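Undergrad: Required output: the full structure, derived from the provided sequences and hints.
Read top to bottom, the protein sequences are chains Y and A. Just so you know, we're using UniProt numbering here: the first sequence kicks off at 1 and counts up by one. Just so you know, we're using UniProt numbering here: the second sequence kicks off at 1 and counts up by one.
Rather than coming from a laboratory, the hints here were simulated on the basis of the structure. A quick note: this is a predicted structure, and the numbers were derived from the prediction, not measured. Beta carbons are placed, not taken as given, at the ideal position from N, Cα and C, and that holds for glycine. Be careful, since some hints might not be right.
In silico DSSO-like links for lysine-lysine, alpha-carbon gap of 30 Å or less [to be verified]:
#1 Y:Lys146 - A:Lys235
#2 A:Lys235 - Y:Lys144
#3 A:Lys261 - Y:Lys144
#4 Y:Lys144 - Y:Lys182
So the derived list for chain A, only partly shown, Cβ under 7 Å to chain Y, looks like this [said to hold, decoys possible]:
#5 Glu61
#6 Leu166
#7 Glu168
#8 Ala169
#9 Met171
#10 Leu173
#11 Gly174
#12 Cys175
#13 Asp176
#14 Val182
#15 Val184
#16 Pro187
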Amino acid sequence: MTDEERRDFEATAQADKPLLQVDAVVRRFGEVSAVDHLSLDIRTGEFFALLGPSGCGKTTLLRMLGGFETPDGGRILLDGQDISGVPPHRRPVNMMFQNYALFPHLSVRDNIAFGLRRAGLPRAGIEARVTEMLALVSLDGMEKRKPEQLSGGQRQRVALARALARRPRLLLLDEPMAALDKKLRENTQAELMRLQRRLGMTFIIVTHDQEEAMMMADRIGVMNAGRLQQVATPRQLYEAPNSRWIAEFVGGINIIDGAVESSGRGRMSVATQSAGPVTVATPLQALTTDQVCVAIRPEKVRLSSGEAAPDAGDAAGTNRMEGVIAGVSYLGGQTRYQVRLDRGALLHASVANTVRREAEAFETAQRVVACFAPDDCMVLDR
Amino acid sequence: MMARPALARLSPFNITSLALGLAFLYLPIVILVIYSFNASRLVTVWGGWSLRWYMAFFNDEAMLSALAMSLRVAAVSATAATILGTLAAVALTRAGSFHGRTLFSGMLYAPLVMPEVITGLSLLLLFVAVDAQRGFWTVTIAHTTLTMCFVTVVVQSRLGSLDRSLEEAAMDLGCDPFLAFVKVTLPLILPSVVAGWMLAFTLSMDDVVIASFTTGPGSTTLPIRIYSEVRLGVKPEINAICTLIVGSIAVVIVAASLVSKLSSRQGENAAPL
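TA: Put into structure tokens, the structure is as follows:
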């Protein structure tokens, strides 16, 4: 084995062992469990997003990782060592605060150098590291400014540089984009991803913005009421949610309640009251009851005018449902239609506007046929 | 600069009420200052300009030693009150809801509303009970108890508005809680700590009631001295002393505002945009 190979091998072995293990952690505030027996493994070099509605406990979990809250139960292991009771200043973990928490009385340079001085680095080493960090976040020449003289985006970058300067094993980011406007947010998201890849650091980000989580994270943990509902890649989360709650939380979705009628040869027929019989692909996981719901993403519903013949490309078994357009929302890149099916269900369909001319569009009260493939349907427990 | 356009928009009614208010506040002081330069021995009769009462004050050993005593008491008690008051403010805003918090804050604010006569009397009883020699230290302790709550109020309001995550960020970056306080919290609340000290200093310099209960022979403070002089009839020398006090307060206020203006301008110059 050459040196290089050995290094690669060791790096892989390291990557397989989780950097952070959260083991049945509990945090209660009075009667309420903000975090409830939550377990989670994070690998080295991973960009992990904690996503959830406000009050779901994601910030509490992050604060426990940072050391600002102490778990009431369970353990937090970093590199195999229990850090549950270790105070923040002794953890190899840094946090970027939601409001950035820049020290207003210190210059940009002193803000970034703050943690390095505490670490007892020699003066020259601190200087070099601060300069490196300033270049990393493209703030060269700003080192003498005070935080109040910076724009929101610049402040955010100072906060990032300050948190990265100590080269933490784990960087925690609490809603890092919340204070930025939309345009700046998109640029910053891309920049943050590039930075994370380049440094090979492990990031855990807390956000309530699912697009942000999907765009940046390798894996997303969706939290609700103190528990992780699903931990998956963005694609899995969107295309294969493990519960109705996740399906409804992540992205838009049509959900139709029904009961399993028959099943065989990879297909399942679900009888629904508001949309008639629906053919779906048999789910990989076994369902607990035959009282199920069929879930279909709006962009997987195709619309055609009532008179048109069915697309030749449509495979046999495609679900075809007739209805009337009940609402149209034009959003530029796509148009969202609400279709009132003859059986009663309201189906959302979003159609990408791939051509400029308007002839493609449907109008309110127009009769249409909504089609969707069995493979694009998900069957979930109610 | 900000006031000029605002002033231009004032109606005659506003200007009149402003003038009346200012006159009410400052006319007595102006009269006091003018009469301090009065050559006449009689306070109410104008006898031409003179500095004789200033000379009289600077030759009045008893008055000068009372001033020195007052300054010492004020400096020591203001410093002690600032340290204790700041610690109390930190405990009240940062320690969460500890057992007896309400009682503690209530007791802390008691001197704010307690009549000074009662505070003075109870302190006198205490000092007599423990058989303390009344003098410089008893007055200083009494003034510390009086002024500490003022410092706490001033510092607490600043601490309350200070973002808690600043301290957390300091701890995150390697400070233990004490170092986080020294490196981050203290510099940020320093203006209010200084303001608290100045308030405590002035309150101590002002006080007649508590000082007269707790002082002893040989440690008369300036207000007590002035008060006892005035009881025998107002001497023009008192006007001179009071003018000096007003003058030094004015100088301190102007200096403080200049310093704060200068430091904020330096901050702007440090980074030309």
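Undergrad: Can you give the numbers of the hints that this structure goes against, from lowest to highest?
TA: 1, 2, 5 and 14
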